[in-house]
Amino acid sequence: MKLINRTTSHGHAEAFAAKVRIGIDVGGTFTDFIVFDVKTGELQRLKISSTPKNPSKAILDGLRLILRRLSPESIEFIVHASTIGSNLFLGQLGLRMPKTALITTKGFRDVLEIGRQRRPELYNVFFMKPKPLVPRRLRLVLNERIGPDGRVIVPLQEGEVHSIVKLLRSEKVESIAICLLHSYVNPVHERKAAEIIRKSYPEAYVVASHEVDPEYREYERTSTTVVNAVLMPILTRYTLELEEGMRRLGVKPRLLMMLSSGGVVSSRRVIKVPAATIESGPAAGVIAAAYLAKLKGFIRVLSFDMGGTTAKVCAITHGRPILTSEFEVGGRTHRGRLIRGSGYVVRYPHIDLAEVSAGGGTIAWVDEAGRLRVGPYSAGADPGPACYGRGGLEPTVTDANLVLGRISTVLAGGEIVLRPELAMKAIREGICKETGLDPIEAAYGIIKLANTEMARAMRIVTVERGLDPRRFTIIAFGGAGPMHVCELAEDLKVDSIIVPLAPGTFSALGLLLADYKYDLKLCLLKPLSKLDSEEVESLFRSLEDEGREALLSEGISEDRMVFIRYADLRYHKQAYELMIEVPSPLTSIDILRHRFIEKHKEVYGYAVDEEITLVNLRISAIGVMEKPKLRSSPGIERRPAEAKDYREVYFGEIHDWLKTPVYERNALKPGHLVEGPAVIEEYDSTTVIPPDWQCVVDEYSNLLLRKSR
Amino acid sequence: MVDPITVEVVRCCLEYTAEEMGIALRNAAYSPNIKERMDHSCAIFDAEGRLLAQAEHIPVHLGSMAWAIKKILEHLRSRGAELQPNDVIAVNDPFLAGTHLNDIIMIKPVFNEGNVVAYVANRAHHVDVGGMVPGSISAHAVEVHQEGLIIPPIKIVEDGVFKDDVLRMWLRNVRAPEVVVGDIRAQVAACHVGEKRLRELMERYNVEQLLEIFNEILRHSEKLTRLSIKKLPDFNVEATDYLEAVEGEDVIIKVSMRKQEDEVFIDFTGSSPQVSAPLNAPMGITIAATSFVLKTILDPDLVINDGFYRPVHIIAPEGSVVNAKWPAAVGASIETAQRIVDVLYMALSKVIPKRVPAAACGSMNNILIGGVDPESGKAWVFYETVAGGYGGRHGLDGVDAVHCNMTNTMNTPIEVIEGELPLLFTRYEIRPGSGGAGKWRGGMGVIRSFRILAGRALVTIVGERVKRRPWGLCGGLPGEAAKYYVVRKDGSIVHLGSKGSVVVHEGDEVVVETAGGGGYGDPLERNPEAVLQDYLNGLIAAEDAVNIYGVVIKEQRIDYEETMKLRSKKRALSKS
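In order, the protein sequence lines correspond to chains A and B. Heads up, the first sequence is in numbering that gives the first Met the number 0, so the first residue is 0 and it goes up one at a time. Heads up, the second sequence is in numbering that gives the first Met the number 0, so the first residue is 0 and it goes up one at a time.
Check the hints yourself; a few may be wrong.
Listed next, the stretches of chain B that the computed footprint assigns to chain A, with coverage defined by at least 3 CB atoms under 8 Å from CB atoms of chain A [claimed, not checked]: (1) 9 to 19; (2) 98 to 109; (3) 349 to 362; (4) 386 to 398; (5) 404 to 412; (6) 466 to 480; (7) 483 to 489.
Taking lysine-lysine pairs in the BS3-like style, the calculated list, with each CA pair at most 25 Å apart, reads [what the hints assert, rightly or not]: (8) B:Lys70 x B:Lys162; (9) A:Lys447 x B:Lys564; (10) B:Lys222 x A:Lys447; (11) A:Lys171 x B:Lys466; (12) B:Lys488 x A:Lys105; (13) A:Lys529 x B:Lys377; (14) A:Lys18 x A:Lys525; (15) B:Lys162 x A:Lys492; (16) A:Lys251 x A:Lys56; (17) A:Lys295 x A:Lys525; (18) A:Lys98 x B:Lys162; (19) B:Lys222 x A:Lys432; (20) B:Lys353 x A:Lys130; (21) B:Lys553 x B:Lys564; (22) B:Lys230 x A:Lys432; (23) A:Lys165 x A:Lys293; (24) A:Lys165 x B:Lys553; (25) A:Lys424 x A:Lys447; (26) A:Lys572 x B:Lys353; (27) B:Lys229 x A:Lys432; (28) A:Lys171 x A:Lys130; (29) A:Lys525 x B:Lys70.
What the hints contain is simulated information worked out from the structure, not anything from laboratory work. Using N, Cα and C, we set each Cβ at its ideal position, and we do this for glycine too.
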């Protein structure tokens, strides 16, 4: 472990004051820390190498460093995003899957394995379905049955549960998922079975489907329950270890974790619904972008996070990222879209991202017919791009950037020295030999193709959702985002960009900008015509009481609580619901009908006068957190910045090579103006500004880039 | 000369344009079939009707439009019909459009200074086009006229305006006009999106340059296809497989495949003449199934455009079950498509056995059930397809319980069906023992069954592989045949064969047991550990472990010594 960086938002280090919050983003290569002083508003950043085999090690090592200049008592809490869940399902890190059993209704033991009966790849003879998380012999059945109306058709026999427990014990099963048909209407059998197992087999982790995903559609509910069961032992051990480590450092073990939906909850809650945290890493960056968008008053922004292996894009409107209600853990994506059936379904709200294989380490190659291609393979962190000199021979996006003069040969304040001759060699041998392109053409081609792929991701999250990308502002971060963003923006006809300070740790900042969030739902599945507003109102109230209780137990006072109500409705004959927001209090059931019809017209283009079914009631119980106030300097005076250096940078066929000024980001202060062409370098990122673009440093030290007319 | 990077950028743009048209279509469509099952595809063609880029979501759409657009343009030319900017053509005539009547194609020309530069087109499955039954696809149709409204290539939009007369006549002929009108508008909207994106390309590059780029894209694709064909050894092989007829002789699907240098010739001569059942495949279906097989064995990432078809020659005699002509019924031709895939894999197994799978379940296992709710007096209908087993492959078992080859649609959740219809499901499980034994066994089929809770209903099955089991490869055994039957309340059983209808009453149980995939390789060579796992997972019986696989299992463990002895005894027996 080594300390790679220590910077403050204004370049000077001070001892921390009494109350600080820490955000920790554990990534594949680096673990990023953001330390926020609530009183002074000061932010400090720390980046250390991750310890993938034992992620808590890097966290505790980093904390130890931070505690050199900070008393342990001053830490209020730690918010944390982890990739442990997604890594488990991607089969990485050698994490062992806990032995998990599933108890289900007789006749339906294979629902988990059959899934939605689709194959994940259409044209591959050697396709496979993901291996079921519970092998068939540990999928056990109870001879019980509840009907769609909640009526008991075959009563549960407790004796059967006891004999199953015996078997589970002899198999040394660690965790047990219970999912019985129609338990979302009547959980009586599930509840009883769980109670018996918890009593007679207390060592095991037990989770019943009505506790974690009370909604109809048996496959999705079973899968969500099983993923929770698999993660429970792992997440429990992980958080206990982390809290124990914090205690040893004298830090009050208040640990919060980010959810895939972008909210945060305490670790106590997380170990009950661990599947809700799986995509917490990418969520953090989006939350940071959403916050910045609100702060700057931008209604439509695209969060653009380009790192070493992939680029992730999310559309944010009115400060709210777009959410989807389910996703697949361990699933693969193909050119920005999820391959359905390639992973394990989890039905929790999830930030709707498009991810494409375009990062600094993405490899360029030549196909059999002699055409240049970029991705989907990546040189990763090891060996990394050819220019890193760690044995990588294939040309990557970073190599192309280096050959074109876009990045400096010295990165990370001197930590990393890049070797242009190796980049050049890789491009010559990997691309030029077979295509006959000259190396500069080839390098620029690599950038163009990588940008085409990222533009595609941006179109997926905008055009395909009915949004016009030209009306958006891009917030570019991650190590490579600011390098590509301007040319990418030109492809999409976007003319406004923000590059925040310290783009490389911007995601970690998002951890401190999130609110507490409990998402609760109740499955009703009743015709709207048979419901009245009092009944629905009282059901909403009981959900809110549950949410209030949960927030109170997190120490959130009532004045910081916000409840948002939603309902899922559909026409009786339809297969999918639409979600609408519901006012509080609900005075008339017609409000639901009108809002549904409005939404239906918006989404489907028409509405009919047919029976409407109210499927779910949902609430988000939000505990508003006090946010770090990013420092601003009022009274900005516009003035040109001073370049620290000049170098030759290639800007395409028309501009060719241009003598380009290089600026130091730390030296740029609010009000500074930079005209393209320019390069702005900082510790963990480089911003490339082509001719025709203009940059001004705003009051928060963000770079605002605009295309000049 | 256009630089190769620009060609690649334009190729990606065209591909994405086709995808974006598909999204526009899906977003604007009304019917769940398009919105949720994505039963549609979009494509871009050059002025000669050559396919440049396509985005499809199910294989049955693959490449069929490449054939259709040329055919349709030829038809229009022969009638002297002139297309103008802002016209949109609609067509579903199976003998021009290439598939069944439910698939409507819409085409829009993109002009530049009075000349067509390209066509944008899409195909979408409409929920109803009239005909004998709701949904238009009837198991009992004997000619196409019973299957609904036939639309020859006509202008649905002329000079930017919907032709009201045409629209009114169309909608009067279908059962769900309020949904169909939405889908028609969505298809037209998708054409507009495609045209808009092409115009942007025409702004960025001039038309001459663009035409050169189109040529270059097709040449590149052709080159890749030829290269991957060339990698195969030369061959000349034949194979025959069958579709099960309700009465009379089974339907023959015969193919001879020849590969020479970098070209393939696929000839279906010898297949049965078209039949009086909806199993006849129009040419588009045959092309789709053939393209599917070629793509899977050549390279799953191969781009299907006109360049792909230059070294690929498909010959199917007109008037046969693989190139039906008027007045053949074509509604259920997807089952024929499944069998064309089987027969092509069978032929290829004689040359490249390591690259093709044993036969998959070979059917979509269609179930249709409808009745009248005695309480409300309301009619109800339900249609679904059930997965089966995929065939064993060299190095890999077949996949259990999955939709195979030409289809990939989702099941309907049991908790949804039970909430809406008077049905109570009794089983939804993998069907143990149904996968053909082999070194790499075939995938297991599915058992899906339900009981009728009230009143009476009519059940119709359109299935396959009841008599003729899915074949194994290289010593692998065939998969278990499909079974479709009704268990009466009194316990008696009524078998439905591969296709048939029967009236059921309250208390009767409908059971579908779909076929397993064929096995691959000698079962005696199967890894004993894999046999043990299948046994422990309840997928094969203890006696099959011994008798078929020669694996002796004692107390949940393999007795390796006994297993070796038994296996060599069995090998000696089979040699003698």
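* To do: Taking the numbered hints from earlier one at a time, note which ones the structure violates and give those numbers from smallest to largest.
  => Numbers 2, 6, 7, 9, 11, 14, 15, 17, 18, 23, 26 and 29 - these are the hints that the structure violates, sorted from lowest upward.
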